[in-house]
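First to last, the protein sequences are chains A and B.
No gaps in the numbering here: position 88 of the first sequence is 88 in the numbering used here, and each next residue is one more.
No gaps in the numbering here: position 50 of the second sequence is 50 in the numbering used here, and each next residue is one more.
What the hints contain is simulated information worked out from the structure, not anything from laboratory work.
The structure displayed is predicted, hence computed values, not measured ones.
Among the hints, a few may not be true.
With a straight-line Cα cutoff of 16 Å, these simulated EDC-like cross-link-like pairs (lysine to aspartate or glutamate) come out [stated by the list, open to error]:
| no. | chain 1 | residue 1 | chain 2 | residue 2 |
| --- | --- | --- | --- | --- |
| 1 | B | LYS507 | B | GLU585 |
| 2 | A | LYS30 | B | ASP391 |
| 3 | B | LYS667 | B | GLU308 |
| 4 | B | LYS459 | A | GLU166 |
| 5 | B | LYS717 | B | ASP637 |
| 6 | A | LYS30 | B | GLU65 |
| 7 | B | LYS7 | A | GLU166 |
| 8 | B | LYS329 | B | GLU278 |
| 9 | A | LYS30 | B | GLU599 |
| 10 | B | LYS102 | A | GLU166 |
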Amino acid sequence: MQAQKLQVKFFARDEISEVALVPVFHEWIKQGVVSDELLIDVADYSHVPDGPGVMIIGHQADYAVDRDGARQGLTYSRKRLAEGDFAARVQDTFRRALSSCVRLEGQDGLAARFGTGEVVFRIQDRLLAPNDAATVEAVRPALEATLAKLYPGQQATIESIGEPREPLTLRITVSTDASAAELLARLSA
Amino acid sequence: MSAPTWKDRLSGEMSPEMTVEIDTFEGQIDLKKQGKLDDKFFAETRLRRGAYGQRYDNGLRSDGETQRTLTFPQALTKGPDTQWDAPGMMRIKIPMGRLSIKQLEVHAELAEEYSDTILHVTTRQDIQLHYIHIEDTPDMMRRLAAVGITTREACGNSVRNVTACEYSGVCSTESFDVTPYADACMKYFLGHPDVQDFGRKFKIAFSGCHENPCGLVTFHDLGAVAKIVDGKRGFKVVVGGGLGAVPVEAKVLAEFCPAEELLPLSQAVARVFARLGEKQSRARARIKFLVDKLGLDEFKRLVQVEREGLRVDERWTENLKDLTRLDEKPIRPGAPLPTEGPAEFLAWAKYNLKPQVQEGYYTAIVKLPLGDFTSRQARRIADLARDYTGDGIRCTVEQNLAMRWLSGADALAFWERLADIGFAEAGAGTITDMTSCPGTDTCKLGISSSRGLTAELKKRLTLVEDKLDTQVRELRIKSSGCFNSCGQHHAADIGFTGVSRAAGGRKVPHFNVVLGGQWAHNAGKYGLVVGAVPSKNIPKTVQVITDHYVANREEGESFQSFIERVGKKDFRGILKPLQVIPSYEEDKSFYSDWGDPREYTIGDIGIGECAGEIVPFVEFGLQAAEQELHGAQDILDTAGGDPAVAAAGAFQSMVTAAKALVRHLDKQCRDDADDVALQFKTHVADPGLFNDPFVGNKFAHFFLGLHASQRFVGANKEIAHKCMDEAQLFLDACHATYQRWLEAANQAAE
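Given only the sequences and the hints, what does the whole structure look like? Please build it.
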């Protein structure tokens, strides 16, 4: 699997204020909090119902606290320059998404909390990852390897959601109370 | 196994012309990466394909305290002061705003895979996708081309998107449906040699009637208003309109131009503009300045002379043979609207449904917030079209979508499904349906945050919408981030244009307040500038202006009439308290813009790409000839390459170069080799214009001789090599000739 455009979304447990988020994201750019990514600008789409919310546009990846599917969450979207084989890229995408969840949870005045029992994994590339059963099977080993690290000893359910016109989208559900920080630690161990 | 590519996947689904066009652009990207194309040339070539710069593409961003460098990974540039890796915008031309269901779905895919999932409808019926990487653009173009869309000439100094009323063909006040005429115009001028050598962009609009505003022809470079005289179809043609810092209402070029004469007349206008329009000073390069400089009568005379000298082109009327070719058909039987239903539905039906001339059908306006919608919403809208209205979707100049052919019987179900995707808001064409250019969000020229302001005003006005005075509710608000006026604020009841002011050594974002513009009658009158107000006081300003109107209007007096009666002076007095800027210590919020907490600066403004780079058409021609010759050489150098194909390619490169020189002399020339050879001989070789100081006309004979002998046909390797050598010498001579012409022109100017 050669696709680069991998996306992971963790859902917010509580409402995150988009007004409060805009200065936080500007500060991330100013402070260069992601040392190996170039963060370029903040895009505020909070006026669009169920839209991408507030985003950081980056060169390698975008970060958004979006409302896609009418549910707020943190979405990390890798766009290019991901390194390693597909399994490594999948793991890296989860790691970066979780890092930003943890960073947002630690942000004063934002009261952000993310659930970890449900994740959406998407590949935004219809050419390299068509939305069909064969791609799901091709993706599954790499995804399961990352899920095994994230949720040791627990059975994660992977199901294809959405319609055929959409990019390949998988919902992962698992029974867990672990925090984003715990998951990040497991992945980094 | 190599990875699949869109080029292979879509092979056969694109027209041959588009295939070559996109492959050529991809080749130019490669050449640029190898350092073989200069910045200025590459900038213009990408602009002409719709690949536009965005803010920060100079690699600088202010964080509110200091200006920081964005260290994009690749050191390359894609134009003067434009970083290669900087995110850019792709402007996609949607002629007349017409979108099919399939085309909308492809846009949704592109926004998801290459952009930020947002499709943005512009004030000229285009769709823009932002934060695009330049290397993704060829594949995007291929996916669009496969569904019949081009981005060619969406930007740059050429004919931009041809716009037309979104109600064309379904409107009760139109003289006739302008769609096929606008389509013919778009097709005729796309890539036409006579529109490649402008000093600035050229915008064309069509309107079905004079009274209504949908076409907005009066602020276009060229406008055509449908008219029937003695039972014959034609157009009132206007020229030289424009907004920008110097708004000018277009002047009447022809009170009635028969339909079959419209393209030749427009071509004559284009040729006069290309020949005499300003090329050095961008600020004065639009056609409105030329009309003003020459005077309308002289401009008309020159156009007439040009028209008389045009060689007949069968394409003038080719696309007018079948005027029904673009007709839309309803997919559901027409029926009246229900008279009962939820209050929200009835409010929506009142403002967002316009009865069509076809009984039982309505055009539904889907009100998009700031012109934005997501990929997912685009697919839902496509589904709605599939189920209820068919392919007749149009982007509107008010940044909405018009869905035509909705049966009254389906209106409630349609509205319920719109509600499911968040777009069932009423109030199309009212005070909450605002228009805004991108402003400082993404535009390099933006001075103030027009989108930030619009979002804030919309939020506040939506809350009180139901309580507003009826006449106030029907006012229009439009905002532009700078004087270039892409938000079309001059034609709004209340318009805003971004400016900057200084206070206590700091910059403060402001908006100029423009009052009393007229949207009706094709934007029949522009508003008055009454003064600049700090951005953060604009919501109060709207309140004060509308309160003043409600309190002091005469019975039945419209807002425009009121502004005209009370004048600027009255409003200046009213706005004065709002123009006071508190000190930084008193209120820091005045020193940042709407939606952007950083301390305000205009230090990150870039050089505008709106104007494009001024690269003369002849240089494009010579560059294209070089590429053709390189391609031919590659064939000859490749094992098994057919020498006859290589030789023919070499000859074609000579044709291309010769044509460029002929057209540079403002002589008409078709694309075929015979005509190019004839015109080159007549206008370049025979008058001695190609004479080299040492070898005279020798190199001209390489081309003319090869054309006469046709030696390249079926050439073997030896002949192919000779053709290649002669072609290279001829191309070198073309470059030298052009340089001599330039030097002579410069000396004459001095």
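Going down the list of hints, with the structure as the test:
1. LYS507/B with GLU585/B: Satisfied, since the Cα-Cα distance of roughly 14 Å is no more than 16 Å.
2. LYS30/A with ASP391/B: Violated - the C-alpha atoms of ASP391/B and LYS30/A are around 46 Å apart, more than 16 Å.
3. LYS667/B with GLU308/B: 14 Å, holds
4. LYS459/B with GLU166/A: 31 Å, violated
5. LYS717/B with ASP637/B: Judged against 16 Å, a Cα distance of about 10 Å means the pair holds.
6. LYS30/A with GLU65/B: 10 Å, holds
7. LYS7/B with GLU166/A: 21 Å, violated
8. LYS329/B with GLU278/B: 45 Å, violated
9. LYS30/A with GLU599/B: Roughly 13 Å separates the two Cα atoms, so the pair holds.
10. LYS102/B with GLU166/A: Holds, because 14 Å separates the two Cα atoms, which is no more than 16 Å.
The structure is inconsistent with the numbered hints 2, 4, 7, 8, although it conforms to all the rest.
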